[in-house]
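Visitor: In the order they appear, the protein sequences are chains A and B.
Residue numbers for the first sequence, in my numbering: 1 to 175.
Residue numbers for the second sequence, in my numbering: 1001 to 1240.
Pair by pair, the computed Cβ-Cβ distance ranges are:
#1 A:R32 <-> B:Q1021: 25 to 35 angstroms
#2 A:H143 <-> B:R1199: 28 to 38 angstroms
#3 B:A1217 <-> A:L47: 50 to 60 angstroms
#4 B:R1196 <-> A:A52: 46 to 56 angstroms
#5 B:E1008 <-> A:A122: 55 to 65 angstroms
#6 A:A52 <-> B:R1087: 20 to 30 angstroms
#7 A:A52 <-> B:H1137: 47 to 57 angstroms
#8 B:Q1021 <-> A:P86: 14 to 24 angstroms
#9 A:V37 <-> B:D1144: 45 to 55 angstroms
#10 B:S1190 <-> A:P98: 30 to 40 angstroms
Hints were generated in silico from the structure; no laboratory data involved.
This one's a predicted model, so the numbers in the text were calculated from it and none came from an experiment.
Quick reminder that beta carbons are idealized off the backbone N, C-alpha and C, glycines included.
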Amino acid sequence: MNRTGSVDQPEGGSGGPAAIAPNLRDLIVEGRFAPGVRITEREVSQLFGCSAGAAREVFHLLEKDGAIVLSARRGASIIDSRNAPPAQVWAVWDLLLPLLFAEVDRKSGLTAPSFGGRAGQASPAHRLRLIEAHLDRLGRLGHNSRVAEILGRLTLHLAIVEPGALDRLEKDLVR
Amino acid sequence: MSPSLELEARAFVATATVLAQFPPAPPPTLPGHIAAWLADRIQFGDLKPGDPIRELAVAEHFDVSRGPVRDALRMLNRDGLVDINGRKGASVRGLSEDEIDALFRIRAELFARLCGLAAARGEREPGAVAALCQGAHLLVRLADDPATPVGDYMTTRRAISALIASLAGNLYMSQVSAAREREVAVLWASVLNPERRKRSAASWVTLCQAVTDADAAQAEQLGRDLVLDGLAEIKRRGGR
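Take these sequences, add in the hints, and give me the full structure.
Guide: What follows is the structure, encoded as structure tokens:
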């Protein structure tokens, strides 16, 4: 997912990197690739039936979101708690979330979101998408898209490195 | 600028970099090096919002092929400094008033918290705190010398910021803060006139004093004010 709003060169189409990236992101959030493990272009090519070049582009897109880190030595690896120490990320979340709420008039009719109902039934990737959608709504309502965008990144990082983060995120958003 | 002042600034930045180890040095790759150089050109005012960045010219400057330059531009695009438009190529990103406002308010909260944390944790690292104050006083002298190149002032200021971030002990928060600071890099040169530098440097001294005194509340407020003063200055000058 390209969240920063700058102009990238998505190749579109059903096999293009822009279409593959969200799917790979979901797999990571679902735990298919554990935090810290390496992921190769070959694996991505095989999984999604795309070229190595497209896989490379997918990595760039995911690096932009901070879901993976790219290094000249190790190639691509999923972030882990060294890249995003949960306590530190939560500190930023706790600091910035009030900025988002401050701008939103609680009486504006924004109904509390229901996050996938029965616990354990909604997949992590789906729950994360709902959280991000809600942040997006809050951002637009309060004309605070930047904060929403930054918070969105945080939720992705937390979802990857800390099991159970989604529970707390949902609770924090249902104020 | 006197040679000895220049040397002192360089020495301080080197020391601070070692002490702080943040922000993490740009990747020791060619594209990382090129990207850092371009980011400096933007922050020091050599490249202004809207200016095109010609791949070929940069490649020739570094005597490399266009590939690494393209990678560097991509990194800068990712960090929000550069727009890449298929046909027109790369250009320095300008910021709307709303974006500037939002970014500064976010930075203000992050930096305030980092200053507060640094003040609360400073006693554990007296060496870093001492370096911090040394840096702030150096900044005052740099500001007092009208011949100081904007680049030297900026790198010293950055080094002081890095020390605060390192003292705060929340690397992730520092990175989020540093990312916002990078995004507004393009605005600095236009507001760092000599008068402003003096006021700003004096504020840094007061802030460093609060950190030394372990006064977290004061440090937070001063940190917040430092950033918001910058916003006020940019608005005053109608910066883009």
